[in-house]
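Protein chains in written order, with our numbering: chain Y, 5 to 371; chain V, 5 to 371.
It should be emphasised that the hints constitute simulated quantities derived from the structure, not laboratory data.
The C-beta atom is built at its ideal place from N, Cα and C for all residues, glycine as well.
One thing to keep in mind: the hints can contain errors.
[To be verified] Label pairs and their computed distance ranges (CB to CB):
| # | chain 1 | residue 1 | chain 2 | residue 2 | range |
| --- | --- | --- | --- | --- | --- |
| 1 | Y | Arg133 | V | Gly94 | 50 to 56 Å |
| 2 | V | Asp324 | Y | Gly222 | 25 to 31 Å |
| 3 | V | Gly155 | Y | Ala115 | 52 to 58 Å |
| 4 | Y | Lys250 | V | Ser321 | 29 to 35 Å |
| 5 | V | Ser321 | Y | Ala213 | 32 to 38 Å |
2 protein chains.
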Amino acid sequence: MTGIAPAAARRGNLDSSLATLDTPQAAIDLGLVRRHIERMQQYCDAHGIALRPHVKTHKLVPIARLQLAAGAAGIACQKLGEAEVMVGAGMGDVLVTFPLVGEHKLRRLGALAARARISTVVDSEAGARGISRAAADAGVQVPLLVECDTGYARTGVQTPSEAAELAALVERLPGVAFEGLMTYPTSQRTGEFFAATRSELQRRGLEPAVVSTGGTEGAFRTHEVAEVNELRVGTYVYGDRAFVAKGSVTVQECALTVLSTVVSRPTHGRAIIDAGSKALSSDPANGLDDGEYGEVLDLPGSRLRRLSEEHGHLDVSACDREPDIGEVVRVLPNHACGTANMHDDVAVHHEGRLEAVWKLDARGAMR
Amino acid sequence: MTGIAPAAARRGNLDSSLATLDTPQAAIDLGLVRRHIERMQQYCDAHGIALRPHVKTHKLVPIARLQLAAGAAGIACQKLGEAEVMVGAGMGDVLVTFPLVGEHKLRRLGALAARARISTVVDSEAGARGISRAAADAGVQVPLLVECDTGYARTGVQTPSEAAELAALVERLPGVAFEGLMTYPTSQRTGEFFAATRSELQRRGLEPAVVSTGGTEGAFRTHEVAEVNELRVGTYVYGDRAFVAKGSVTVQECALTVLSTVVSRPTHGRAIIDAGSKALSSDPANGLDDGEYGEVLDLPGSRLRRLSEEHGHLDVSACDREPDIGEVVRVLPNHACGTANMHDDVAVHHEGRLEAVWKLDARGAMR
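Use the sequences and the hints to build the structure in full.
In structure tokens:
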């Protein structure tokens, strides 16, 4: 239970134009989205940090355009397929923050880099040589950031000297150029790792033009890491239950919900809604991990304790009132990126007044 | 570690025609699918049980056609959107096993029932009255099964007398007719619940034409429940890591895998593959719940311990050999339905030889 507004106030937001949509339906409050975009841009501008929003969260061209119009330096994509969609919609500067490996990806990268400025990341010699070959074949130049593992234990080189060595290799290879350093997410080790890497690079006559970090958690403390001059954030546009638990956002500021209908009331205390794992995803609320799958905003005290594929199992025994069959409720998801990814479209509203339904432009773009 | 074949044998299955596909790519072995379809149909035929396969698992018209050609009595869909796709492809007998509530659903049901035999389930008076009204308005007749909660604590009426009362109401309402009883899944209480309901129904002069149960686990013991004359199963066509753990299927019999590429080898013992929660889903292996997200068949001893959205974090420290960047591996997913649902298409192969790529016909049909 994380700072829920009283039932009446929350239900008041569910305007009839939204409540009559077929369900389950992902919905975003565009006013809140705009506010998050402005706030993050203002923070970055105030600290001289380039903002490169991550479109993996929303997969929507219109939101990417809002982010760029607000002052973003470019966008980040997690998959080449997302980048292809965004370049197709006119985006001119895309960083793909995923190691591009394999002949399909490399051929597609070469083709895409002929249409827009596409930079990407490497953490291995094999990766760098593959991109170099593909870029040279395609007659393009691909700027590369060396990905550094500064504590997350995912991708990335492990030490500053590995980073500098890979940067030096990239500088020597055709078709690619060393652009800078990248990590995800910012950790307590990030500043030290980057500072040591800069020294190692200087010894080799290299300078990182871009030092890029990411993650919505702690985004507003990015300026504390002196080395960093670019921030990549995705979830900040929506917020979710995990970020409410982390204190990054309030429930009222969360822009993405899933509209769902109560379809069964088999017992007192039990309500079944039509949003299950295929509408919400099974993603936990990262860092909270309380075994719940979302928060039903219109039923304070309810607990979404179990998901079937198409059923949400809601315990309403602690609620002031139990819902009726047919009632439409809003579910705040655990993980905005995972939930948005399940949907073909989103209903766009302003404080509950339906304005449009947008197709998810990069729906399914997992390759 | 559940009955994995030796590395060499498993890797031998990955024919070059499959290994050269872009990844992540869902893939199904059609020979195994056919074998599962035949085996289940033979079981049902031997016991005089009608088989109604659930298309929610595969969402593919060609597999539904194989199931019908083998002798299935009709198909089951979890969502009306799936039913619309299947009727559009010519399926003539569809049971929608989800409570249809709300004006959109009811209008769509009326329209669909004019095109094919659409039966569905109810567990409430409100539900039955809604469908009755919509069916009468559309000038169609919708056969209804009364859904019974025989132990799963999801949807369904709670007692045999509630079931009989709802059946009697359905018989009185226009546009609908009482067809029988339905539950999911079969439990130790199912037989007793259905027998008691049959007695209650007889007292009201009613007889269930269909008594339908579901679930791949225990499917081959359905004949032990004397009342049941219809079986709904979905996952049996593929199998998955959960059903391997339950002993329903062996790893070698599982038809659905996700082809994934090793994209990073940041340390000894750690490999990152390009299938994360957006390719595999975050679904646990139901009943196993060991915190792993799949089994990488080509790397025996590896553990898929963590998923990011697009990264699979693989612990390969216990493997005989560590994989190289660029290597394509097959991931056996925890939950076939949840994983298949993440994909736009599936590569269809026969023991590793690529035969086709099929679009998921009912992709995203969650409403």
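Where does the structure disagree with the numbered hints, that is, which hint numbers, in rising order? Structure breaks hint 2 only.
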